[in-house]
Amino acid sequence: MNSKLKKYFKTQFLKNKGSFVDLPLIDGIKISSSSANLYKKKSRNDLCLFYFENGASHAGVYTKSKVFAECIKWNKQPKSKKIKALFINTKNANALTGKQGFNSLKVIRKEISKKLNVKESECYFASTGVIGERFPIEKIKKTIPKLIKANKITLAKNWLQAAKAIMTTDTIPKLSKNSFFINKEKINIAGIAKGSGMIFPNMGTMLGFIFTDLNISKHLLKLALKNNLDKTFNAISVDGDTSTNDMVLLFSTEKGNNKKIINARSKEFKIFESKLKEVMLALAKQITIDGEGASKFMEIHVIGAKNYNDAKQTAFSVANSQLVKTAIAGEDPNWGRILMAIGKSNSKVSLNKIDLKLGNQFIYKKGDISKYYKEIQASKYMKGNEIKILINLNLGRSEFKAFSCDLTHKYISINADYRN
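Its first residue numbered 1403, the sequence shown is counted upward by one per residue in this note's numbering.
Bear in mind the hints are in silico, worked out from the structure with no lab data behind them.
Every value quoted in this text rests on a predicted model; they were computed, and no experiment measured them.
A couple of the hints might just be wrong.
Below, a list of computed lysine-lysine pairs in the DSSO-like style, where the Cα atoms sit at most 27 Å apart [as the list claims (entries may be wrong)]:
#	residue 1	residue 2
1	K1484	K1624
2	K1657	K1559
3	K1543	K1566
4	K1746	K1803
5	K1521	K1443
6	K1620	K1432
7	K1481	K1516
8	K1512	K1588
9	K1708	K1755
10	K1475	K1628
11	K1628	K1679
12	K1677	K1483
13	K1657	K1432
14	K1517	K1566
15	K1566	K1554
16	K1543	K1516
17	K1512	K1548
18	K1548	K1620
19	K1543	K1521
20	K1672	K1662
21	K1512	K1481
22	K1620	K1543
23	K1501	K1481
24	K1475	K1508
25	K1442	K1501
26	K1443	K1466
27	K1586	K1677
28	K1708	K1657
Taking CB as the label site, the calculated pair distances span [to be verified]:
#	residue 1	residue 2	range
29	K1475	I1673	19 to 29 Å
30	S1668	D1424	24 to 34 Å
31	S1781	I1814	17 to 27 Å
32	R1799	E1733	47 to 57 Å
33	N1439	G1798	49 to 59 Å
34	I1814	R1667	42 to 52 Å
35	S1668	S1752	36 to 46 Å
Quick reminder that beta carbons are idealized off the backbone N, C-alpha and C, glycines included.
Given these sequences and hints, build the entire structure.
Given below as structure tokens:
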């Protein structure tokens, strides 16, 4: 993220003073972060532990890649109704590590259980980092006692430390919060995420962890997460690659004093679903803005599609086009590349019906260059931090909004040097 985009990030997601959002205390959660010295050239935390004293209801979605990490394999096994611990490590993805990687998770769970009494079916794992390297279990095992000793209630600084501990190529931690009232009872939602590269939706497209104290049935917790995925975490792309480790987990301690929500048609559920979406969308956008080497944030809004799938396909065809992304990076209003990307989307389109806007300016209207198009005005718009592309296919009433970023020389440098 360059300095201009970082400033934009701060205006969008940070407090007025430029500091990070203070996430709320959520009853029933303790957090700790520590360093197992997994990064040889950096002094930083690389482990994180969330402990749910009385357990937490849970819902999760995972990568659809057929090549997936050992933590995904573990998490997909049958789990207890309540989860007691979430353990996260960075630097090593624990992917393509075979039995050594999976058995390492058993070792970690046993070490945690010595102090916190956590069963195998009560523990979730998440890993992020380099794929295909032996999992550093000895270093991690030695650090677990220190990690448990540091486990504290969810103060704002604990949230921030956790968000920093799960970063890899991220340049900035991602946090979001929301609160609302149900029958005069305050309910809190807090979320952290990581992701900068290998970002393309096929369920959750990174690591995202969201927590609430809402008293809600497990079925509705799962439904709320599922219903909000497509237009939040599944609406972003940095480089078109889906990771082996993607997951989004949602937890509820059920410590809220509200009457338990059990009806999907209730007003209370709709409120929660809406507030949860705001947190998920904020985290998803933060990931996109912090895309590896990014200098611009892109919003591609497709309207007037014949159906939802056509709208989504068209939006992502533009969002993932390397020619579009490099034009954005070069601040070049090369709108022909956008129409090219629309044409290859396999969606139902008619060139004579397409309207294209860049910012507030019509570029193309129904088969011809707009008479209002001015190259100088478009070039000036391209120098901004946020580039909005509006595409009207004029074939129906369906729409979809995708979020992406530009593609710069720095993206190549970051990924060429990733393992160094």
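Results for each hint:
| no. | hint | verdict |
| --- | --- | --- |
| 1 | K1484 to K1624 | holds (14 Å) |
| 2 | K1657 to K1559 | holds (22 Å) |
| 3 | K1543 to K1566 | holds (21 Å) |
| 4 | K1746 to K1803 | holds (18 Å) |
| 5 | K1521 to K1443 | violated (35 Å) |
| 6 | K1620 to K1432 | holds (21 Å) |
| 7 | K1481 to K1516 | holds (20 Å) |
| 8 | K1512 to K1588 | violated (36 Å) |
| 9 | K1708 to K1755 | holds (12 Å) |
| 10 | K1475 to K1628 | holds (20 Å) |
| 11 | K1628 to K1679 | holds (10 Å) |
| 12 | K1677 to K1483 | holds (24 Å) |
| 13 | K1657 to K1432 | holds (14 Å) |
| 14 | K1517 to K1566 | holds (25 Å) |
| 15 | K1566 to K1554 | holds (16 Å) |
| 16 | K1543 to K1516 | holds (12 Å) |
| 17 | K1512 to K1548 | holds (15 Å) |
| 18 | K1548 to K1620 | violated (32 Å) |
| 19 | K1543 to K1521 | holds (17 Å) |
| 20 | K1672 to K1662 | holds (14 Å) |
| 21 | K1512 to K1481 | holds (16 Å) |
| 22 | K1620 to K1543 | violated (32 Å) |
| 23 | K1501 to K1481 | holds (20 Å) |
| 24 | K1475 to K1508 | holds (12 Å) |
| 25 | K1442 to K1501 | holds (25 Å) |
| 26 | K1443 to K1466 | violated (33 Å) |
| 27 | K1586 to K1677 | holds (16 Å) |
| 28 | K1708 to K1657 | violated (45 Å) |
| 29 | K1475 to I1673: 19 to 29 Å | violated (36 Å) |
| 30 | S1668 to D1424: 24 to 34 Å | holds (30 Å) |
| 31 | S1781 to I1814: 17 to 27 Å | holds (25 Å) |
| 32 | R1799 to E1733: 47 to 57 Å | violated (34 Å) |
| 33 | N1439 to G1798: 49 to 59 Å | holds (56 Å) |
| 34 | I1814 to R1667: 42 to 52 Å | holds (50 Å) |
| 35 | S1668 to S1752: 36 to 46 Å | holds (43 Å) |
In summary, the structure is inconsistent with hints 5, 8, 18, 22, 26, 28, 29 and 32 from the numbered list given earlier, while agreeing with the others.
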